[in-house]
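J.: Given next are the chains, with one letter for each unit.
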Amino acid sequence: MYDAIYIENFGKPTATYVFEHFANDAASAASGKGMPVIRTVPEKIVSESTVMEDIEPAIKAVFNNVVEMLTKPLTAEEKSPKRREQENPPRLIFKGNLAEVNEFFYRRGWTDGLPIIPPTEEAVAEMLTGTDYPADYLVAKMEPRLGKATVERIAINAVMAGCLPTYMPLLIAGVQALVDNLGPGKMAASTGSWSPFYLVNGPVRNDVAVNSGYGASSPGNIANAAIGRTFGLITKNIRGIRKQVEDMGVLGNPGKYSFLVAENEDNSPWEPFHVEYGFRKEESTITVCFPQSYQQMMPFGTDDKGIIATVVGSIPPARMGLFGLILTPNNAQALAKRGWTKKTLKEYIIKNTIIPDDYYSRLGLNLSGPTDRTAFMGPGDDKQIFRPTAERPDPVQIFVFGGFGSWMGFLQGGPPQITKKIELPKNWAKLVKKYQNVVPTYVKY
Amino acid sequence: MSSTKSGAFYEVLSPWAEADPIPLHGLAPRLDKLDGKKIGLLQNSKRAAPRLLDVTERLLKEKFPGIQTSRFRGKLFSVSAEEPERIQEFEDWLKGVDAVIAAVGD
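Note that the protein sequences, when read in sequence, are chains A and B. According to my numbering, the first sequence is numbered sequentially starting from 22. According to my numbering, the second sequence is numbered sequentially starting from 93.
Chain A on its own, in the form it takes in the complex:
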């Protein structure tokens, strides 16, 4: 809707086609940019449809509405819209028992469907001990609502998610990553259900026990679960992106609960991810990217030849954006043993991941080349799936985590990753000592 608003402000009337299920999203997008009343034409064409048999009758059915949107005189409200009452609730919002608090928050759309820890003054005060920033420090305003991510508001959502205070530095850095450019906001709202994937590097990963080994992306570790979960709550409650209102993800994505790991730096043969991107090893960082899917593959062989063949042979052209190759430590070691570096591996994948000559003809399709948005593809042969651009020079990323096993992982899609340094409070060592024993112990049977 942003173009419609721009054009109306330019003085030209518009009518924008909107799939009928996007009505709330369109209204929210327009209102969020200062145009609470805008003329759209709801139609019945599914997002991204290519079927003219459906499109032709759907447009004919609403054509008279299009004409009306451009010619019917404006109402008083359309000429001069009134301000809706600002949804800035009081600071202390509710009092009740645990079940009542949960029901209140759920009904307001403030949760992810799972129970939350009540964010009392006491709980939030304890959370704020995890940072030197004052509670009212504004970390960022988050698009599209320009909601204020103050340190206190981050802490409130962190309490809800079950965080420990020592996660606050990662949360603040993560919010800074999420506002680095407009990409994360767009990904959170997209029909593609792009789920953020977070990678933690540096000493802080051990300080707060972010799992980098077996089951790193499975449930069971508070840090992996709660930090990622907080970002999801922040996306709703600070950004203002809510399911089927602004978040129009069609299939949805379980990664939106939490998908956060640490790199297995201790067992990787290569430089850590953050060092690859210019940080010092002793610094700590959080990286975010937005893959759409997480796929696990058993490689053709566990030597370098088998691993690489699995990669270049398993990437179809029906994809968009970043490719994240997840290697277990032993798979990475098998590659490094044969002289592969991250750089040479990436170059090989970009050059050799191609569309076979008969790919589309076998499928009965009259297509050629990869299907990514043309603006995201640089110059290159139509057979090449990865075509770097100046804005997206590094479409292949390598993440080393997991236990010692042969499975490989693919993360598919999304814009380039963003990495931010994690700043630690002055009393970090003392804080870490206070909370470091909060780790699970499993009963043997």
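Simulated crosslink set (DSBU-like; lysine-lysine; CA at most 35 Å straight-line):
(1) A:Lys367 / B:Lys167
(2) A:Lys65 / B:Lys187
(3) B:Lys153 / A:Lys33
(4) A:Lys364 / A:Lys442
(5) A:Lys81 / B:Lys155
(6) A:Lys326 / A:Lys364
By construction, these hints were calculated from the structure, which means they are not laboratory data.
Could you slot chain B onto chain A? The hints should help.
T.: Positioned in the frame of chain A, the structure of chain B alone reads:
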């Protein structure tokens, strides 16, 4: 969720962020008719968008004699938000049309 009335009571803070009010804008005046006008057809990079506008363009020309049309093709999802280098080109195009029909492919 169970609706037990027992248990500890919690007075809780709101997770919903404050946001400053933004200036509001009304819509541009409408056309009196489409006959003889020049209608801009704006598409983004989503696959449905050009297809919707192909049908629209044909219907406009069938129903309104003398109407002219002009296309603008966004390379991403929103020209104004994502293609700052083309804003001048976009505005020059807008100056040359009387109204715009936009398709976002969603």
